[in-house]
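Undergrad: Chain residues, written in single-letter form:
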Amino acid sequence: MGVVHGQEMVLNIGPQHPATHGVLRLQVKTDGEVISEITPYLGYLHRCFEKHCENVTYEQVIPFTDRCDYLASMTMNFGYVVAVEKLMDIKVNDRVQHIRVIMAELQRIASHLLATGVFGLDLGAFTPFLHMLRDRERIIDLFEMTCGARLLYNYMWVGGLSHDLPKGFVEATLNFLDYFEPKIDEFENLLGHNKIFVERTADIGIMPAEVAINFGVTGPNLRASGVNWDLRKDDPYSIYDKFDFNVPVGQGIKGTVGDSWDRFYVRLQEIRESVKIVRQAIDQLPKDGDVHQSMPKKIRPPKGSIYSRTESPRGDLGYYIESDGSDTPSRLKMRSPAFTALGVLDEIAGGWLMSDVLAILGSLDIVLGEIDR
Amino acid sequence: MTVDYIFDFLTGLLGGFLGSDYLLLASMLIPCLAIFGFITIYALIVIYAELKVSSFIQDKVGPMGQGVGLHAGKWGLLQPVADALKLLLKEDIIPSSADRPLFILAPFMIFIGAFISFVAIPFGESIIVADLNIGLFYILGVGSIAVLSLILAGWASNNKWSLYGGMRSAAQIVSYEIPAGLSLIVVIMLAGTLNLQDIIKYQEGGIFNWIIFDNPFVPIAFVVYFISALAEVNRTPFDLPESESELVAGFATEYSGMRYAFFFLSEYANMFVVSAVAAAGFLGGWQSPFDGFMSTPAWSVFWMISKTGFLIFVMIWLRWTLPRLRVDQLMNVCWKVFLPIALLNIFGVAIWTVVFNS
Amino acid sequence: MSEDIQVLIDDVVAKALAGDMDPINNIEDRVTRSKAKAALVKAKRSQPETEIKSKASEVSENSDVKTKDTIEHIVIASLTKNFSNFLDGEQNGEWIQMKAENWFDIAKHLKENEDLYFDSLQCNTGFDLEGGMLESRYNLHSMKHLHAIEIRIKVSIENPNIPSVESLWRVADWFERETYDMFGINFTGHRDLRRILLPEDWEGWPLRKNYEEQETYHGIVVPKVKEGWE
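Protein chains in written order, with our numbering: chain U, 1 to 373; chain D, 1 to 358; chain B, 1 to 230.
None of these hints come from the bench; they were simulated from the model.
Any given hint could turn out to be false.
Chain U is nowhere near these chain D residues, computed Cβ spacing over 12 Å in every case [unchecked claim]:
no. : residue
1   : Ile6
2   : Leu85
3   : Asp99
4   : Ile116
5   : Ile134
6   : Ile145
7   : Asn158
8   : Thr193
9   : Asp198
10  : Gly292
11  : Ser295
12  : Ala350
13  : Phe356
For each label pair, taking beta carbons as the anchor points, the in silico distance ranges come out as [stated by the list, open to error]:
no. : chain 1 : residue 1 : chain 2 : residue 2 : range
14  : D       : Tyr5      : U       : Glu186    : 53 to 63 Å
15  : U       : Asn175    : B       : Gln214    : 48 to 58 Å
16  : U       : Lys91     : B       : Gly93     : 17 to 27 Å
17  : B       : Glu114    : U       : Ala172    : 50 to 60 Å
18  : D       : Ile45     : B       : Lys224    : 56 to 66 Å
19  : U       : Tyr70     : B       : Glu114    : 35 to 45 Å
20  : D       : Lys86     : U       : Glu137    : 23 to 33 Å
21  : D       : Trp352    : U       : Ile140    : 56 to 66 Å
22  : B       : Asp115    : U       : Asp94     : 35 to 45 Å
23  : D       : Phe213    : U       : Glu186    : 28 to 38 Å
Glycine included, every Cβ here is placed at the ideal spot set by N, Cα and C.
The task is simple: from the sequences and hints, build the whole structure.
TA: Right, dumping it as structure tokens:
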């Protein structure tokens with residue numbers, strides 16, 4: 001008797017689909033329910049970011065960077081501003097540094113809340129998603145208090161910030177943190193330790209550490225595979241070396257190291273660590289200092305190039321800027337962390353069932369705006 | 001009101017004018033119209049309840065309005081009416097490559113399956129449309145028409161996603177009927193009859209005479225039956241056939257407007273049927289929990305509806321709290337966990353009854 | 001501008017060129033401070049080469065490892081033992097300019113040698129040098145030894161072939177597809193080189209400086225990129 005061969009079915013997930021985080025098309029070859037190959041098709045959200053940057057000045061690039069990863073705009077700005085300041089050798093004062101760290105960490109909390117909530121939504125848990133959105137609203141209210149915008153901030157400028165902190169920001173932030181800390185535990189019990197959720201995500205989509213490094217995966221995805229690598233500790237930029245926080249690493253509590261539950265849990269732990277950092281930053285915030293102090297009148301970096309990396313909620317955000325001495329960049333490339341995270345999908349999702357593919361995609365936390373730029 | 005009762009009443013009233021065939025027809029139609037009206041009103045109420053309960057669980061407010069005529073009525077009471085009107089007025093799209101006769105037939109069949117189970121449900125003391133001697137068996141049997149129609153819907157849409165949904169739902173419903181049926185055998189064994197009114201009459205005398213307190217094994221049977229019933233009506237955590245985030249809307253992807261409404265109307269109707277059967281079989285049906293107090297026929301309707309309503313509330317609560325099970329895990333749970341437990345239950349109840357003679 | 005202010009500005013600019021930015025940042029008056037900074041930038045622009053050299057020497061002076069041996073020197077020394085004729089022109093200590101021919105073997109050596117162990121490719125950028133040359137730049141990084149290096153490879157527009165390294169660092173699979181998509185650099189040996197961000201049947205290489213958009217795409221008119229803000 002021979003082996004029975006069914007016919008392979010080619011299926012399209014997307015581009016219009018509730019579970020792909022943005023406009024993404026996955027062409028999936030399946031045999032019954034088991035997946036044999038996934039090919040992602042990108043480019044639906046390509047807005048020619050890099051070409052535009054060659055035509056506008058350095059300050060005008062900042063709103064463009066906002067729109068790349070629209071769920072973590074502050075950290076996009078932060079990465080770009082750190083790169084240009086390194087290129088021009090500008091040092092900003094302490095107050096600006098502390099405010100930047102507060103904003104970046106609040107943004108990290110908001111982004112991780114959305115990522116974990118949407119992960120639950122993909123698996124059918126509707127309620128934790130709405131609880132997370134409720135808490136994220138309060139963070140966005142804090143941002144709106146400062147710079148007037150809810151999603152795309154254009155807040156961090158080269159050499160400083162666009163607005164100083166308003167009166168009442170510090171109390172509002174401390175109130176929020178006191179309200180929020182018990183909610184993380186509630187969320188962890190509701191979704192994280194729920195037996196059905198664990199069955200759906202533990203041991204699914206295992207990414208070994210060598211595969212992760214070879215495929216260039218960084219950020220929480222890499223840390224969930226057991227590699228202790230966080231740019232805020234290993235290659236510190238800004239004033240991150242002054243704060244005391246741990247780096248959560250996946251330990252395979254519910255399954256193997258590097259499965260989807262680990263990726264989810266590492267994000268949850270990172271929210272707790274970010275809360276710690278914000279509290280320390282508020283404690284150490286200098287009372288005086290002008291946020292517009294070090295802003296140059298005309299941004300004209302010297303000829304040269306630089307590659308600088310910062311830690312965005314999705315991973316290693318790299319900016320490669322080449323300047324030819326004029327006031328528009330000659331080449332600006334953004335190395336986005338979600339791009340490499342999507343590249344590893346084919347490797348870790350072969351051989352699983354259809355429902356698992358969506359679970360794995362949700363655990364990788366991609367944003368199409370950043371991938372397509 | 002059984003059909004006979006109405007027939008006698010009408011014969012007394014109009015016997016001279018019309019022949020008895022027409023009177024028989026009329027006396028069969030009147031209860032059906034009553035049931036249809038009941039289903040409609042019940043659907044409006046349960047849709048509103050689902051919206052509000054889910055909103056409170058999710059820390060939202062839900063549909064709210066400022067008054068009749070504005071927005072959605074005070075506290076959003078007109079929201080389900082607005083939903084129904086919207087679905088009625090939507091454009092009816094049939095894909096050109098779909099199989100027309102089967103496509104149109106599927107929603108009708110599923111509604112028929114839900115509707116004809118209603119005739120055997122007791123709403124109160126002597127308020128039942130057809131007091132069948134095999135009442136419980138009839139309801140279980142007729143509920144399987146839903147499977148046929150789901151497969152039809154998935155196939156006729158000519159869409160890979162709908163096909164997936166249809167296949168999954170067929171597998172799921174057929175598998176979960178077995179533990180459900182086996183758990184009901186416990187009820188039949190203890191009451192000694194398949195007639196639903198007699199099963200309820202067996203449980204008279206207050207709360208401790210209900211079948212669920214008869215035997216330590218019966219609560220297990222109740223839980224197994226309730227979870228299998230959840231799977232049969234396709235509710236989360238078993239709602240894979242219509243899982244929004246994976247297959248868009250599963251087998252109902254291509255349906256729009258009133259046809260779509262039929263699928264979800266019959267899902268709610270099925271919820272009522274299985275909750276009513278659980279309430280009648282395990283929780284005493286229309287019997288009052290207090291012996292003799294509040295047990296007039298008028299109160300019996302209240303007790304039946306409130307017990308059923310409580311079970312429906314638990315179903316809604318579970319939907320908004322738990323994530324979804326995957327197909328193979330679902331099948332695993334059914335065949336490897338529920339089936340052995342249900343079988344062992346039957347033995348347990350039988351042995352307990354013989355030993356303790358209760 | 002009064003004389004004292006001019007003297008003050010010259011003084012702080014001189015200090016800043018020597019590396020001390022504090023006098024400039026501590027000027028109280030905002031107008032004077034910005035004037036000082038403008039003067040500083042002007043002064044810096046007029047001496048670009050010394051600027052770059054001083055930055056490189058600063059880096060090598062401040063690095064903890066050794067004063068003379070930057071990572072570029074170590075890498076070139078290690079490669080010279082096993083390969084010959086791979087450098088392409090003058091090196092300036094900031095990046096390594098290489099020829100395209102031996103790139104795959106060199107990359108294998110860089111990845112597998114125990115002292116170098118560059119096991120992660122951080123970024124691959126394409127660049128359009130005017131004058132008929134394209135360039136592909138690789139930023140390599142070692143997770144074990146925590147050192148990083150940049151490698152640049154120039155090719156001409158008529159024959160833009162570079163060996164692909166995607167079998168060594170799998171991340172290069174998509175990075176090289178993107179560079180191919182935007183610049184037209186052909187990576188030989190790539191398992192599936194096709195466009196990634198643009199549709200498969202798009203014509204032209206967008207990030208080249210002389211790129212002209214096609215007129216229509218499947219009947220839709222393609223709008224032109226506007227210069228600045230209009």
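Undergrad: Please list, smallest to largest, the hint numbers that this structure does not respect.
TA: none
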